[in-house]
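**Q** Single-letter residue listing:
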Amino acid sequence: MRFQKKGFGMRKLPRRDKLKIYGDLLFILYTESKKEKVVLTHVQLKTNVPFDRLKTYIVELKELGLVLDEPSLKLTDKGKQYLREYETVLDFMKRMGLTYG
Amino acid sequence: MANLALILMEVISAILCFVLLRFMIKPYRTTGEGRYLGLPLGFGFLGVSYIFMGFALYFESFLFVDDLKWLQLFTQTYAFAFLAATYYFSKKPAKNTRVWWDITYAGLVFAAVVSYLLVFEPPMFGLPSYKTVDEYFRIFNIVCLAYISIHTLRSHVSQPDPKTIWIPLSYLLLGFSQYSFLIWSIDSSFAAFVGAHILRIAGLLVFVFVVYQSFFGSRHAFPKEGIRDEEAPT
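Residue numbers (numbering that gives the first Met the number 0), protein chains in the order written: chain A, 0 to 100; chain B, 0 to 233.
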């Protein structure tokens with residue numbers, strides 16, 4: 000069960016499946032890669048996943064050819080294309096009134 | 000002439016449904032979750048139902064016209080049932096309800112096959128008149144569309160956004176169209192009949208507008224899409 004601090008109480012976060020985590024992670028990596036260097040701790044805080052699992056996800060994204068680790072973490076063209084399509088479909092689902100994640 | 004206009008209405012509706020089907024499958028293809036399969040199935044069935052109606056109107060004097068009308072009735076109702084099931088399961092946690100949506104979709108497909116067989120096989124028991132069944136099915140369609148409209152409106156109210164108001168409107172238009180058909184079926188009002196067709200086309204056009212806005216519309220539609228802002232031509 001994951002919780003996030005909000006004021007004095009704790010807010011329960013909805014459970015995410017792997018696809019949603021990949022989507023969130025790619026988006027955060029994309030925004031972070033605009034900075035000089037991607038700091039994994041910042042990524043971990045924003046994605047809200049344990050550090051060891053974050054590393055596993057990044058390895059999986061590298062294997063899928065969506066992320067590149069040279070010289071710093073950044074999205075490949077395939078990764079950018081995937082993120083664009085993923086966000087378009089999420090936007091469409093939101094417009095359709097469908098809940099996801 | 001009037002018949003030709005009606006056939007044209009059915010053809011336009013069917014084309015719009017099949018265009019929408021192409022995009023409605025994307026949530027399922029992207030997420031891989033079976034609960035979104037009802038969306039393409041719903042629009043697919045809806046398109047097929049308009050084709051059946053078009054054929055029934057075109058081959059007016061042929062023997063199998065009644066069968067086509069029965070098929071149209073069932074197909075349209077299954078379409079709305081699939082759409083309602085999709086919205087019902089979309090708000091539930093995916094992990095806990097996987098079995099239930101599989102059972103629901105399988106049950107709907109099974110019911111569809113059984114009802115089609117009932118139409119074409121020699122009846123073992125007497126079916127009620129087409130008009131009576133049509134009225135009951137219209138009421139069921141209105142219930143399904145009312146449920147979806149409320150669901151989408153609640154989703155819009157919980158996170159107000161001008162982009163999300165169109166879909167409740169389109170489902171409401173389809174619902175009012177079914178209501179007008181019901182009125183026409185009860186008192187043969189010509190205005191209700193024409194209104195039903197216009198409302199249906201209007202509802203489907205709103206869907207097309209939403210699809211266009213999502214997939215081909217403004218590149219700045221989604222605020223968090225920094226990726227789009229950067230790549231947009233300047």
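Please keep in mind that the hints were generated in silico from the structure rather than gathered at the bench.
As the structure is a prediction and not an experimental result, all values here were calculated from the model.
A virtual CB, placed ideally from N, CA and C, is assigned to each residue, including glycine.
Worth double-checking, as some hints may not be accurate.
[Stated by the list, open to error] Computed list of chain B residues with no C-beta within reach of chain A, every gap over 10 angstroms: (1) L5; (2) R21; (3) F22; (4) K90; (5) A110; (6) S114; (7) K130; (8) T151; (9) D160; (10) I166; (11) V210.
[Unchecked claim] Listed next, the stretches of chain A that the computed footprint assigns to chain B, with coverage defined by at least 3 CB atoms under 8 angstroms from CB atoms of chain B: (12) 64–70; (13) 79–88.
**Q** Determine whether the non-interface label on L5 (chain B) survives the test: each CB of chain A must be over 10 angstroms from its CB.
**A** holds, 30 angstroms
**Q** Does A110 (chain B) really sit off the interface, with its C-beta more than 10 angstroms from all C-beta atoms of chain A?
**A** Its Cβ never comes within 10 angstroms of chain A, the nearest being 24 angstroms, so this holds.
**Q** Taking the minimum C-beta separation from V210 (chain B) to chain A, is that value above 10 angstroms?
**A** V210 (chain B) is in fact no farther than 10 angstroms from some Cβ atom of chain A, at 7 angstroms.
**Q** Cut-off 8 angstroms, C-beta pairs, minimum 3 residues; does the coverage of the region 64–70 of chain A by chain B stand?
**A** The restraint on the region 64–70 of chain A is violated, since only 0 of its residues have a Cβ under 8 angstroms from chain B and three are required.
**Q** Grab the minimum beta-carbon distance between R21 (chain B) and chain A and tell me whether it stays above 10 angstroms.
**A** Holds, since 12 angstroms exceeds 10 angstroms.
**Q** Against chain A, does I166 (chain B) hold up as non-interface, every C-beta pair farther apart than 10 angstroms?
**A** violated, 5 angstroms
**Q** Once the closest CB in chain A is found, is it more than 10 angstroms from S114 (chain B)?
**A** holds, 28 angstroms
**Q** Going by Cβ atoms, does F22 (chain B) stay more than 10 angstroms from chain A at every point?
**A** F22 (chain B) not clear of chain A: closest Cβ-Cβ about 7 angstroms, inside 10 angstroms.
**Q** How about the region 79–88 of chain A: do at least three of its residues have a C-beta closer than 8 angstroms to a C-beta of chain B?
**A** holds (count 8)
**Q** Say whether it holds or is violated: K130 (chain B) keeps its Cβ farther than 10 angstroms from all Cβ of chain A.
**A** At about 34 angstroms from chain A, K130 (chain B) clears the 10 angstroms cut-off, so the statement holds.
**Q** With d taken as the least Cβ-Cβ distance between T151 (chain B) and chain A, does d exceed 10 angstroms?
**A** With a cut-off of 10 angstroms, T151 (chain B) comes too close to chain A, as the shortest Cβ separation is near 3 angstroms.
**Q** So D160 (chain B) supposedly isn't at the interface. Is its beta-carbon more than 10 angstroms from every beta-carbon in chain A?
**A** violated, 8 angstroms
The structure fails to meet hints 3, 4, 8, 9, 10, 11 and 12 from the earlier list, while all remaining hints are met.
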